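Peer 1: These are the residues of each chain, in order.
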Amino acid sequence: MILTISRQLGSGGRSASRIIAEHYGINVYDKKLIELAAEQSGLHRQFFEQADEKVSRSFRSFLFGSRSATGHGAASGSPGSPLSGDALFKVQSDVIRDIAQREPSCIILGRCADYILRDVPQHISIFITADIDDRVRRYAEHDGLSDDEARTRLEKGDARRASYYNYYTQRRWGDAANYDLCLNSSLLGIEGTAELIIHFVDHYQAAQQ
Amino acid sequence: MTGKAVPTELGTEKISKLLAKYAIPSIVAMIASSIYNIVDSAYIGHGLGPMALSGLAPTFPLMNISAAFGAMVGVGASTMISVRLGQKDYRSAQQILGNAFLMNIVVGVVLAVVTLSFLDPILLFFGASENTLSYAREYMVWILLGNVFTHLYFGFNAVLRSAGHPDKAMKATILTVVLNCILDPIFIFPWGLNLGIRGAAIATILSQCVSLSWQMRILTNKNELLHLHRGIYHLQGRIVREILSIGISPCLMNLAACTVVIFINRALLSYGDDYAVGAFSVIHKVSFIFITLVMGLNQGMQPIAGYNYGAERYDRVMKVLRLTILWATAAMTLGCIICEFLPRYAALIFTTDEQLLKEIVRGMRINAYIFPLIGSQMVIGNFFQAIAKPWKAIFLSLSRQFLFLIPFLLWFPTFWEPALDGVWFSMPASDLVSCITGFILLAAQMKQFKRMSNEK
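Chains as they are written, first to last, in this note's numbering: chain A, 1 to 209; chain B, 210 to 665.
These are calculated hints, taken from the structure and not from any lab test.
Predicted model only: the values in this text are computed from it and were never measured.
Quick reminder that beta carbons are idealized off the backbone N, C-alpha and C, glycines included.
Be aware that one or more of the hints could be misleading.
As the list claims (entries may be wrong) - Every beta carbon over 12 Å from chain B, so not counted as near; a handful from chain A, in silico: (1) 38; (2) 144; (3) 146; (4) 200.
Claimed, not checked - Cross-link-like lysine to aspartate or glutamate pairs, in silico, EDC-like; alpha carbons within 20 Å at most: (5) 567/B - 524/B; (6) 297/B - 119/A; (7) 156/A - 119/A; (8) 598/B - 49/A; (9) 31/A - 158/A; (10) 31/A - 103/A; (11) 656/B - 562/B; (12) 297/B - 49/A; (13) 297/B - 433/B.
Take the sequences, apply the hints, and build the full model.
Peer 2: What follows is the structure in structure tokens.
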């Protein structure tokens, strides 16, 4: 069973994933994807980090081509350039497909994995949200920020994820119709959310047999 | 397309082999388009005389503006389509195709209507005179009537390339060029349909229509993964916005290039005469042959330099840069030799009129003074693109034909004797300054490479 989990910043999606992974004894792929992508392509990881889940929306990117995660894909005039956001996304999505084939049970966080693996049968896609106050509190605590600062960063970060997702998938990030299960972690807490997802997965697997 | 996004051979294969593999296809395509550029003018110059040839000059910036807007849709759509095809998302790719189709029609029609309504003032502003306006108008009216087909033809070629059929896109280009070469004389000359300069325009549009119908046959084939069918022709705000936001940058760069030609035409007309304007359009076409060779080399260099930079193989980055500069310099030196020592022969392709020949020879010699340096300037600009330094790349590519040239164009004729020579000399002068700028930027970059290699 492959779980792809997308989440709003500060919704506790990552912690919930860890609990689920521990329960089943499977891997969570998050930042590790970057290392794998760098390894497979031979390109330095710095380029994937710069491109990670963001599409540049600056003035420069408006003038010189916005379509590149790091602002230098279409800007480099050659959408085929190996350092363009588009090419890096393709590398990363190949890595995600490889993982799905090698490890029939794992969790992949974000990075459009729900879309990339949309045709893989044993695959559940999940979207986790949380009330804004909870998200701000969690984010501020984790990064040692003031509430206001945390709130701006959350908004910016989510906008970045949304535009990355919307550009590469032509779907809408967070649109319930894209996912098998959408839930708000504020209601059950992180552990409760993880338990509910485990429940859901067990039920689904039982129904399959 | 569905293969690896980043071919790792870029980091291992021999540099010279890679450059040949990646550059030769683009060079062939570029040569086809520069032949196309020359043929129309050559038939018109020989068949209809120097005033008709000068009449073509103001039509080029206008046609290029139209092409710039076409490329906006073409580049945007093909970039998006290739991202979707990389994910085997054929449904979305087809919606983008449908949107691009409609956008091409809308842009093509709007441009044609707007320019046709103000055609005379536009042509006069772009460098036509009372003597040449009638030729320019007669040619342009027919080109604009076929504008929609031109846009669809170039748009579909971009789509074919991104849909994994670069060979078919190339065949369509060659088909258009060959047809145009055959149809041009039949339509222009008295022994044929005797349509004069109008015939050249009609032949151009007709050749594009033939290629367009062939492209349509490929793209309506249901077995193609990407094909036109009912249900994809709904303009979606989101797709339209994405296409425009990708395409705006190449569009602006192309518009900058058109602006310069307008400035040059106007300067030549006010300090010289129609012959000077006609001479420039011939010189532009001849130098363009060599410039396109360098552009083809650059396209081949980009993925190689980009990949090795990303993989921190700075030795290979420098190797491909050196090799590309070497070839580019060779191509531009060949151009320089032809322009300096055989300008008359090059000019004879277009005209036999003595006054025009004299003007061409003079301008061509001055324009080509520092050609051998331009090759490396162009390569350096593209090199910065490849290694993800878009600011420097854009600065360098604008510097030669825009940032330095326009001030020089306005300034030189005010003190030069005769003033017309000031216009001609502004070209090599801006080339020289932008070459020096390019070398300075490159030297700084090489220092950085050395430091990074040592740190490694």
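Peer 1: Determine which of the earlier numbered hints do not hold for this structure and return their numbers in increasing order.
Peer 2: 1, 5, 7, 11, 12
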